Amino acid sequence: MNEEPSPSDIFRKRLREAREMRDYKQEQLADLAKMPATTIAHFEAGTRKPSFDSLRKLAIALEITTDYLLGRVDDPELAEAGDPLFRDVAKLSGSDREIAKDFLKMLAKRSSKKDKAS
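Using this note's numbering, read the sequence shown as starting at 1 and increasing by one per residue.
It should be emphasised that the hints constitute simulated quantities derived from the structure, not laboratory data. Misleading hints may appear alongside valid ones.
[To be verified] Simulated pairs of lysine-lysine, BS3-like, Cα-Cα distance not exceeding 25 Å:
| # | residue 1 | residue 2 |
| --- | --- | --- |
| 1 | Lys91 | Lys113 |
| 2 | Lys91 | Lys57 |
| 3 | Lys114 | Lys101 |
| 4 | Lys101 | Lys113 |
| 5 | Lys13 | Lys34 |
| 6 | Lys91 | Lys101 |
| 7 | Lys34 | Lys57 |
| 8 | Lys49 | Lys25 |
| 9 | Lys49 | Lys13 |
| 10 | Lys49 | Lys34 |
| 11 | Lys101 | Lys116 |
| 12 | Lys25 | Lys57 |
| 13 | Lys116 | Lys105 |
| 14 | Lys25 | Lys13 |
| 15 | Lys57 | Lys13 |
Bear in mind that the values here come from a model prediction, so they are computed numbers and not experimental data.
I would like the entire structure built from these sequences, with the hints used as guidance.
Below is the structure:
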């Protein structure tokens, strides 16, 4: 019988993945989320569960959605909607979105050329 992981197991795994995806140490995430580093360690170990307030602080600090942390979205790429850049783009009108899209493509291409030159 294939047993699904509990929501607590999903959260602790996703929190660690999101932290590592941002290349933060537990202490760095704790500073950004304005909570003790031991709290982050307890969350990742599964010995403590977050309050709604803590969950919100973590999502903001990681610039990711609570849906990803809670396992409602499986693909971290979909969780990028929590990133302020994506939230701001979502507020643009159609023509402004096209301008922003072209500008972001240009920046990505420029960044790619810099990486290849290094």
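Inset, instruction - Hints the structure violates: just list their numbers, smallest first. - result: Structure breaks hint 1 only.
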